[in-house]
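K.L.:
Each chain, written out:
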Amino acid sequence: GAVVSQHPSRVICKSGTSVKIECRSLDFQATTMFWYRQFPKQSLMLMATSNEGSKATYEQGVEKDKFLINHASLTLSTLTVTSAHPEDSSFYICSARDNTPGLSGYTFGSGTRLTVV
Amino acid sequence: GESVGLHLPTLSVQEGDNSIINCAYSNSASDYFIWYKQESGKGPQFIIDIRSNMDKRQGQRVTVLLNKTVKHLSLQIAATQPGDSAVYFCAENRAQFYFGTGTSLTVIP
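Sequence order for the protein chains is E and X.
For the first sequence, the working numbering assigns the number 22 to the initial residue and increments by one for each residue that follows.
For the second sequence, the working numbering assigns the number 535 to the initial residue and increments by one for each residue that follows.
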């Protein structure tokens, strides 16, 4: 089945620094990937839609200059949290859809736990 | 046991009983729905999906029911097992997927 790999699984960074999270589709090509953020005991909130070769589409209220998304290839999207602050600490999850006919749904990465200290 | 989503975010059932997890969706234009299971510290895992032209779909031990009239989804888990303990989310597709609040299922051995 389709596999999405997310790296790193955990990261701790200092306030003011930037952190890059990678999302890779391992056995399929994904023209579109999605980035979600999840706070403890809450649902997944869609942050942005990452489109290969073009600009990402951000959901309302998500700062595009703070959460930089790059989707340079059909198998890799990156999310960079710039000038991180403690309130950015969260669980970040990416997903991608395999467009092979017959497969349903979106495959999710295993998530990245970001802690900003 | 049965949940009502936003009003009952936790559900506890005895092992072997059936579980019913409910979800209300917001957009009548949504044409595709998925139930996901999320274990602690992990990403969501696909359980079962249903398109809007169906009202029922069955998988292994799971059944999803869709009532478009009242914009309601339910996930039924038969013979619930301890390994079913997790948070369950419904997601509706409107170009992108939007997740519901989630219900935390605890199976009591």
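Treat the hints as calculated values from the structure; they're not laboratory data.
Heads up, some of the hints might be wrong.
Claimed, not checked - Taking CB as the label site, the calculated pair distances span:
(1) G575/X x Y79/E: 21 to 31 Å
(2) T603/X x G37/E: 44 to 54 Å
(3) I642/X x Y79/E: 36 to 46 Å
(4) D551/X x L89/E: 30 to 40 Å
Unchecked claim - In the DSS-like style, the derived pairs of lysine-lysine whose C-alpha atoms are separated by at most 30 Å in a straight line are:
(5) K576/X x K85/E
(6) K87/E x K41/E
(7) K576/X x K41/E
(8) K576/X x K76/E
(9) K602/X x K85/E
Claimed, not checked - Covered by chain E, per the in silico footprint, the following chain X stretches (three or more residues, Cβ under 8 Å):
(10) 544-557
(11) 576-590
Note that beta-carbon positions come from the ideal geometry of N, C-alpha and C, so glycine has one too.
K.L.:
Among all the numbered hints in the text so far, which are the ones the structure does not match?
P.N.:
Hints 4, 9, 10 contradicted; others consistent.
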